[in-house]
Every structure is written in structure tokens, then in C-alpha cells.
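Line by line, the protein sequences give chains A and B. Terminal number for the first sequence in the working numbering: 467, no gaps in between. Terminal number for the second sequence in the working numbering: 1207, no gaps in between.
It should be emphasised that the hints constitute simulated quantities derived from the structure, not laboratory data. Nothing here was measured: the structure is a model prediction, and the numbers come from that model. Quick reminder that beta carbons are idealized off the backbone N, C-alpha and C, glycines included. Don't take each hint at face value.
Claimed, not checked - Coverage of chain A stretches by chain B, computed from C-beta distances (three or more under 8 Å per stretch; other residues unrestricted):
| id | segment |
| --- | --- |
| 1 | 26-40 |
| 2 | 123-129 |
Unchecked claim - With a straight-line Cα cutoff of 20 Å, these simulated PhoX-like cross-link-like pairs (lysine-lysine) come out:
| id | chain 1 | residue 1 | chain 2 | residue 2 |
| --- | --- | --- | --- | --- |
| 3 | A | 191 | A | 317 |
| 4 | B | 1034 | A | 420 |
| 5 | A | 420 | B | 1048 |
| 6 | A | 92 | A | 46 |
| 7 | B | 1034 | A | 162 |
| 8 | A | 239 | A | 252 |
| 9 | A | 191 | A | 315 |
| 10 | A | 46 | B | 1034 |
| 11 | A | 4 | A | 162 |
| 12 | A | 239 | A | 210 |
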Amino acid sequence: MAGKTLFDKIWDSHVVRSEPDGTTLLYIDRQLVHEVTSPQAFEGLKLAGRRPRRPAATLAVPDHNVPTTDRRLGIADHVSALQIQTLEDNCKDVGITLFNMSDIRQGIVHVIGPEQGFTLPGTTIVCGDSHTSTHGAFGALAFGIGTSEVEHVLATQCLVQKRPMTMEIRVDGTLSDRCSAKDIILAIIGKIGTAGGTGYVIEYTGSAIKALSMEGRMTLCNMSIEGGARAGMVAPDEKTIAYIKGRPLAPKGELFDRAVAVWHSLQTDPDARYDATITLQAELIAPQVSWGTSPGMVIGVDQAVPDPRSMPDEKLKHATERALEYMGLSPNMPITDIAVDKVFIGSCTNSRIEDLRLAASFAKGKKVATTVHAMVVPGSGLIKQQAEAEGLDRVFREAGFEWREAGCSMCLAMNADVLKPGERCASTSNRNFEGRQGAGGRTHLVSPAMAVAAAIEGHFVDIRHWS
Amino acid sequence: MEPFTTLTGLVAPLDRVNVDTDQVIPKQFLKTIKRTGLREGLFFDWRKLKDGSPDPSFFLNQPRYQGATILVTRDNFGCGSSREHAPWALLDQGFRCVIAPSFADIFYNNCFQNGILPVVLRSEDVQLLMNDALTIEGYRLTVDLDRQAVTTPKGILYRFEIDPFRKDCLYRGLDSIGLTLQHEPAITAYETRRMAEAPWLFPDLRS
Ligand code: SF4
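Taking the hints into account, I'd like the entire structure generated from these sequences.
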């Protein structure tokens, strides 16, 4: 019998039952809940007279709507306030743990799961949010679901699923100095396209992936969805185990040792087969900058904006023209000529302590350009606290960055942090869709280092040669 | 959930690739705690011109597409955010069927949870339907779930594939949670078995 991939091992250990046609009832170990995609799920439960099967398997936190300014002032937008209150009421009603806005543990749902040790290797994790793929960094099968499925998991702790296909994305070699996990994943999406991973679960392998920190692996897995895959994963290793050890919700003592033994076995067998394999060489990955309105519209900073006139495919040409018009860019313009108005460092892609340390190291002793408004939004209250203990907030403030409270903030601009029409932003988030950061706003996706350099110079620069 | 059997209805064309759910319904409409009333947010940013007035070239603003129940669109429809508000808004507008060459996974799933049938046809066939919907006033299609076929007014028939389990649930309008709950004994048996292998995952169930 052929060996098993990491995915196969997790899937097989979570099958409750399966039909001859492959329809599988899959057990879900963990669910994360936030305020935007859950109210209708709780309402549905109530209407049907159902209760959550295992409230302790769910962790809730408001993140999308929360203000990132002084929390003591409350939430000015009463519709947002009602949604957050509804989450609190629902969780209290059924006994689900919730970190509210004034709790230091509050933060972006995909940041706090790992931070609390709620995210563990070998588990199935879901959330009503597409970036649930982030948790795959721990060797978990983690994917986003819709609100009806949130309700389904609350009621049954299971989901009805069909087995997806597996894709290996192998990145070997060594990244150039100052390139990061963000550049790897943007380069991957540039290569496979935004639908290239549809129907697959990706496993990232290779020496460049192994070399990434846990934070880097989270950045990588986070954007699997932007390549169309619902889940991305990295096999657990010593870094994974070291990260988890001692976290509040992680197993302790003898249970921890037993868990570690199991986690070590979560490796793809040498004779296992993937349904598809894609390879990249790390040395060839330049710092990436997206130029269009889809994450697949991305290019190295040392290149120029594409020219639709040179595109043979009509549909591609049309989409490119439309994107350039929206973005207010002209063909063949060097990426480094693009000037920005705003810089946003944050989101579940790049708001962890390592991101902030790195960003601060580039900001230290410099000044944000007078034409730029820049902000840093930590991924959680605990990250904010840690950063402040290390003096990173001072570095940012002195350089002219705003230092905010934790939340999704300008990643999707559901709170007050919004781009104005026509404003251009260098953002460490994950989506550059039309209007994502505010109607008419223009988003360029970049790494934290690239974002800092753009804030200081007022336009994109090649971070590899920036002093 | 309302069952889906056959549908004959007016077709609206949305000639764009990679339509993401941020476009289907932008964030400001996600603050609701209800599933209904989302039609006003559907394709909100595309409905208006820069000055805020309705864009007469956008299909939803054209009288000829009022009352459409079938949407024909391009590759990778529904990519991006998992928001189920996207199918809720389509449904609220009256759409019960979306035809495209491909869909993003989460959106595709979400459709089935809401009585919407997503139909995958070959790119060339979608192109033909798109052309007809753009050029022929009052263009209607018949979508037959049981026979897995889309039929044009001239009687041309396009067959589509669909997972049998999903088809059955949609056809009968079944409560999928209720179905899973019928397997309660299997779920409990799984938990008991798994607890022995990985007790750290069940702090709440261990006595
Ligand atoms: S930070 Fe952005 S992508 Fe991440 S969960 Fe929040 S809104 Fe979604």
C-alpha cells in the first residue's frame, strides 16, 4: 500500500463515517468564531431548539468590527456594536469562551488561536472565515466555512465533506536577504493563479519552508485561500513543538509528551503521492508587489507594470485593462515609481510579533515620508503588550507610524480604518480586491519590510538594496 | 431550505472573471445579524457610477433583467471571503441558479446550504449562453436538477455534473444538520475511540 501524505493522516483520523460515494462525515476538533459570520448560525440553532454539542471545542473573539483606537470610548458605530454584543450574548448563552474587547487576549481570530495553544497539530479546525488556512502552519487541517456550516459544527461537531485532492508546493533553496514568507506566498499565487489551488489542500515542503519560523509559516498558509486552496499546511517539527509548549490551552505534562509523540508521526511518508506538485526555487523570488485587483496580479519589485497590449489572451487582456484602470496605473511603469498615500502593517497575514520586530528594525531612526500616513495594528492584545515591552511602539511612533489596538482594522475596513476613494496603500494584508480597504481604495500587497520602506521613501523600493 | 427541482427563468449576464465575494456584497453589509434584506448590498459598488447615481450599463439596473432568477457568469465566481452573505444577497435578489465555468470552493458549498444551484458548464457553452443573454431580450433557460440539464429556448441541452448527495439534499430541501444528527451514535462512538488516542483534544469530555 502506498504511503500517506500529512493530509491523508489527518483526514483518515477524523472520519466518523463515509458513504460509498465518498461523502464523509468529518469530525471537527476545534472551531473559532467571530462576530461577523456567526449571528445567523446561533439564531439558526435557537430556532431549531438545538444546543452546541461541545461548547469547550469553540473559542470566540470579536475582531473584524472592533475599533483600533482607545477602547474605553466604546464603539461609535451602533450597528457594529450590536453585532459584537450579539456575539457576547450568544456565547454566554451557550457557554462558549469569549475574549471580549477589553481582554488582553483579544485579537484577530487567526492570531489568537495559535497564540493560546488552541491550534494544535493533527487537528481539524474550522472558522467562518476563509483565512482559517493560517492554522495549517501547525500541521492541522484548517479551512474556512460558511455560516450554515458554522451552525452545523456547533450542533454536531462534524461537517459533511468530500475528500479534496492534495498538492505539494515545494520551495527549495535559500531566500534572498530581506525576502520573507510573504514574498514566497505572493510568488506562488503569481505562479498558480487565484484558482490554481481550487479543489486541493496544499502541503508546503522544501528547505525554504523548513527554514521559516512559525510566524512565517502562518503567513504562508494564511494566503493559501488566495491561490484558491481552502487549506495549506506545513508538517510539524521541533519549531512547531517549541512554539506550542507552555501555551495556555496546550496540553501539559504527561499529556504533552504523548501529544508530541503523535505530532512527530505527522509527516508525509516517503512513498506517498500527491495529486499535483509545483516547485519553486527560493533564490529566484524577488520582493513581491501586487499591481492589480486580485492577489494573482503580482510581480517582483524590480519589474514593471504589465502591458495588456502584449497579452494574446482576450480575457486576460480585458481583466488587466480593467485592473489597471481601477488601480490608476499605466502599463510598463516601474513598480518602484509607484507612490503611496497610506501604509498598513497588520492583518492575520502579517501582524505577529516577528513581523513587528522586523518592521521596527527597518523603521528605526527613520521618518515616514510627509506624504504618507502609516499605521501599525498588532494582531492581538498580547502581541501589542509584548511589542511595547520591547520598545517597538516607541520605534514606530518616533518614526511617525500610528500605533493601534488589535483587530482586523484596515485589512477589510469594517471599522473606522478606511481608505478614501483613489487613495493608494502599501498593505501587509492579503486581499487587493476592488474596494477591499474602502470603496475606490487601491491596495498593493507587500511584506512588512517592503511596507516600511515604502512608508519612509513614499514609494516602493527594492528592499534588498535599501539602506 | 426551499427545494430546487426545476426552474425556468430569466437570465442575467455578469461578464467578469474572478468575481470575489467582496464585490458580490461589500463589507458594510456584513454588520447585520440577519440573513434577509441583503439585496440592497448585492454588487453594491458596481451598481453605481462615481457620483453615486445608478450605472445604467450594469445589468441589475437594466429593466430587461428585472426578475432574473438565473445568473450566468465567468470563471472562479465567488472567490475570496467565505461570507455566506454572498449567496444570501443573491437569493434575496431572486437568483436561484448561477451558471459558470468554475466556482470557488466555499461559495460553491454555501450555495447548496441556501437552496441555490451552482451549475458548472464548459467555458464554450457558458460563452454561448452569455452571448444569448446579452443579445436576446427576455432570454430564459430551464434548469432541471433531476435530469442535470440546462435547456435553451431552442431546445439545446447542456448536461452538468453534480455530487449525488448534494443533489439529493437540494432536490428535497433537506435540513443537513438534521441529517447529521441522525448519525449521533456514530459521532459519540468516534469521540470515545478518539479520546483514547488523543485525550488532549477532549479536556471537556474526560472525567
Ligand atoms: S485580518 Fe483581514 S483577512 Fe484576517 S481575519 Fe481579519 S479581515 Fe479577515
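Evaluated hints:
1. 26-40: With 6 residues closer than 8 Å to chain B, the segment 26-40 of chain A meets the three-residue bar; holds.
2. 123-129: Result for this restraint: holds, n = 3.
3. A/191 / A/317: With a Cα-Cα distance of about 17 Å, the restraint between residue 191 of chain A and residue 317 of chain A holds, given a limit of 20 Å.
4. B/1034 / A/420: Distance of about 28 Å is beyond 20 Å: violated.
5. A/420 / B/1048: 17 Å, holds
6. A/92 / A/46: Since the Cα atoms of residue 92 of chain A and residue 46 of chain A sit roughly 14 Å apart, the hinted pair holds (cutoff 20 Å).
7. B/1034 / A/162: 29 Å, violated
8. A/239 / A/252: 17 Å, holds
9. A/191 / A/315: Status holds; Cα separation ~18 Å.
10. A/46 / B/1034: 13 Å, holds
11. A/4 / A/162: OK: residue 4 of chain A and residue 162 of chain A at ~18 Å, within 20 Å.
12. A/239 / A/210: Since the Cα atoms of residue 239 of chain A and residue 210 of chain A sit roughly 9 Å apart, the hinted pair holds (cutoff 20 Å).
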